[in-house]
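Engineer: Going down the list, the sequences are from chains B and D. Just so you know, we're using the numbering used here here: the first sequence kicks off at 1 and counts up by one. Just so you know, we're using the numbering used here here: the second sequence kicks off at 1001 and counts up by one.
Since the hints were made in silico from the structure, they are not lab data. Misleading hints may appear alongside valid ones.
Simulated pairs of lysine to aspartate or glutamate, EDC-like, Cα-Cα distance not exceeding 16 Å [what the hints assert, rightly or not]: (1) Lys-310/B with Asp-15/B; (2) Lys-1139/D with Asp-113/B; (3) Lys-139/B with Asp-1113/D; (4) Lys-103/B with Asp-65/B; (5) Lys-310/B with Asp-65/B; (6) Lys-1103/D with Glu-1066/D.
This structure is a prediction, so every number in the text was calculated from the model and none was measured.
Listed below, chain by chain, are the residues.
Protein chains: 2
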Amino acid sequence: MLKEPAIVLANHLFDTPNGKTAHGLVRGSGRFKVVAIVDPDVAGRDAGEVLDGRPAGIPVVADLDEAMVLEGPAPKWCIVGVATHGGRLLPELHTLILDAVDKGLGIVNGLHDTTADDAEVAAAARGRGVELIDLRRSKPRPALHFWEGDIYRVRAPRLAVLGTDCALGKRTTTRLIVEAMNRVGVRTEMIYTGQTGWMQGARYGIVLDSIVNDFVCGELEHAIVGCDRDVEPDLMVIEGQSSLRNPSGPCGAELLLSAAARGVVLQHAPGREFFEGYESMGLRIPSLESEIDLIRLYGAETIAVTLNSKGCPPDELDRFRAEYRTTLGIPVIAPLTEGAEALVPAIRAFVERERSAT
Amino acid sequence: MLKEPAIVLANHLFDTPNGKTAHGLVRGSGRFKVVAIVDPDVAGRDAGEVLDGRPAGIPVVADLDEAMVLEGPAPKWCIVGVATHGGRLLPELHTLILDAVDKGLGIVNGLHDTTADDAEVAAAARGRGVELIDLRRSKPRPALHFWEGDIYRVRAPRLAVLGTDCALGKRTTTRLIVEAMNRVGVRTEMIYTGQTGWMQGARYGIVLDSIVNDFVCGELEHAIVGCDRDVEPDLMVIEGQSSLRNPSGPCGAELLLSAAARGVVLQHAPGREFFEGYESMGLRIPSLESEIDLIRLYGAETIAVTLNSKGCPPDELDRFRAEYRTTLGIPVIAPLTEGAEALVPAIRAFVERERSAT
Chain B
1 MLKEPAIVLA NHLFDTPNGK TAHGLVRGSG RFKVVAIVDP DVAGRDAGEV
51 LDGRPAGIPV VADLDEAMVL EGPAPKWCIV GVATHGGRLL PELHTLILDA
101 VDKGLGIVNG LHDTTADDAE VAAAARGRGV ELIDLRRSKP RPALHFWEGD
151 IYRVRAPRLA VLGTDCALGK RTTTRLIVEA MNRVGVRTEM IYTGQTGWMQ
201 GARYGIVLDS IVNDFVCGEL EHAIVGCDRD VEPDLMVIEG QSSLRNPSGP
251 CGAELLLSAA ARGVVLQHAP GREFFEGYES MGLRIPSLES EIDLIRLYGA
301 ETIAVTLNSK GCPPDELDRF RAEYRTTLGI PVIAPLTEGA EALVPAIRAF
351 VERERSAT
Chain D
1001 MLKEPAIVLA NHLFDTPNGK TAHGLVRGSG RFKVVAIVDP DVAGRDAGEV
1051 LDGRPAGIPV VADLDEAMVL EGPAPKWCIV GVATHGGRLL PELHTLILDA
1101 VDKGLGIVNG LHDTTADDAE VAAAARGRGV ELIDLRRSKP RPALHFWEGD
1151 IYRVRAPRLA VLGTDCALGK RTTTRLIVEA MNRVGVRTEM IYTGQTGWMQ
1201 GARYGIVLDS IVNDFVCGEL EHAIVGCDRD VEPDLMVIEG QSSLRNPSGP
1251 CGAELLLSAA ARGVVLQHAP GREFFEGYES MGLRIPSLES EIDLIRLYGA
1301 ETIAVTLNSK GCPPDELDRF RAEYRTTLGI PVIAPLTEGA EALVPAIRAF
1351 VERERSAT
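For reference, chain B alone in the conformation it holds in the complex (with noise of 0.2 Å):
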């Protein structure tokens, strides 16, 4: 897949947890290069930089202007890089949006609020005949499938990525062992289920938050099912999303049942007490052992823990990693820092003990 050249919308809200889509595409991406991250807030610096302390090669510009004359490759697309609440297209994104549909770049939206469907923008893209693509979209009912059971013929183990959170580095994690596996000749795919996935160029997955809740179990394993008749891959690994008990919208059962994904590797933010938005409503996140025997309640063994250090001073990480080594006896690390490499014995023992189990 030849990368397409893009600059992603951050405004203001890149050193935020909410510009985490635009994290992802920095991170990397596998279907754009990422030319410019634009931001005023922290323009003039390089965007891994701000990230997680280390060069991207990514400029961070004040407006869309200045990354518009930047040396190498012209943008081709605009990639709106931000959550806002509620997904909504706010003003300051919408007049950012047009100005860019203005400068000839198609857009990329994960936003609730679709892009086709704002009369204006929709009319400025097709006066430049530029492509609008709403990754929320949701599909016309006849293209959706219901869970029919073929997951259980997917010859490919499935592990999941869940977290104890959301926003706290599930999808970077997965990324990363999909890496760390595919470099020691373990053929691994990842099954995205969020659109920053897609944008970083994962083939199968689905948008899960924007289906038709009935739908939300078939579609996962329509993706599961056609990955595995596609790429025949040693292993899959399933991008998990909020936490099986955010109250805000609890998710993750789909990937141990509907998946039918026998191992975890549970992200755990030990820094962090309240569920992320909700701090001033004290609602605390459960323990991580809590986590691990909901886990098993539903048929799954968590095979390591990845933690996310934010907030969390380091001599303080290494003691909540000593102590959740010992306490639970697999391996726990902090992949951001020290990549995923550790994890191949688990993971590697994790597959032979699901290809001899079939």
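Here the structure of chain B is known, so what remains is to put chain D in place on it, guided by the hints.
Structural biologist: The following block gives chain D in isolation, referenced to the frame of chain B:
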């Protein structure tokens, strides 16, 4: 609410689990007065007799013509009373619906396929000036709510009726509990989560499986908040859908987390070994005990077990009941034959506990 006379289509499916919408309407509706069930396979009998072995005063007739000439109030509506695979509007149903429109009846349809999107039916309805009500038609995005946490300010405690499988009587048990509690002066509202609940006259709720996934929890919260504000009941009983571990579409966590139901009545069919519709795959229903453990991990207590006796001889049912009572230490009843009166003390105690906890 004045009940409107209706005919219910259940052709060839009335005496099967797929006739469950018709079953609910025979057992009771505050919205419609059912004047006849259409099903040639069991025509000539009383619908209650076929269903529960007790006459309901509702004749089963062979076709619509017969239904239109019965004594009593002239029917105004024709309700699609069956669930088809995938919620499709099958050819035979399509023909019957056209015939009903032609006879001047409005259509109430809970299938995924909408009648309004069927060009032929839509044109016929316009021509005859009758209404088409499609209960699973999705609301437009701007009308949908996200979960906000307002649930924690709702005064009335919530009790969820969950089950260990789908199609085993959750909705009927919900109705029986609501009626039993109201009879003893505990002002109780049903929160429906399927189209049949609405058909039966429940005022607050959602059609859960037809909502875009990201909005399911918010819409459920919104319905409950509205009920609390408008009616100020002493208790709400929320109808469950599917089951927590049904691989074809797990459901229930939303009720426990997003609707914050702290008490559960758990419906179980001891005579059923496999998930409905997946017998040939050998998908075994987990044990009652492990389901209760799972519910506990979601922060709720199971305060009673309600049994569906289908496929379970009376002496075996009695043995199950005695065993469950002993091991679980909570009431165990068979509501369809016994009513829900025996649950009143346990539910009253739950309401008291919840009140004193807030």
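Engineer: It remains to establish, for every hint, whether it holds in the given structure.
Structural biologist: Going through the hints against the structure:
Between Lys-310/B and Asp-15/B, the direct Cα distance comes to roughly 13 Å. Compliance with the 16 Å bound is thereby established for this hinted pair. Pair hint Lys-1139/D plus Asp-113/B holds up; C-alpha atoms about 14 Å apart against a cutoff of 16 Å. A hinted pair counts as satisfied when its Cα atoms are at most 16 Å apart, and Lys-139/B with Asp-1113/D qualifies at roughly 14 Å. At roughly 9 Å between alpha-carbon atoms, Lys-103/B and Asp-65/B fall within 16 Å of each other, so this suggested pair holds.
Straight-line distance between C-alpha atoms of Lys-310/B and Asp-65/B comes to about 34 Å, which puts the hinted pair past the 16 Å bound. Restraint check for Lys-1103/D and Glu-1066/D: the C-alpha separation of about 12 Å stays at or below 16 Å, so the hint holds.
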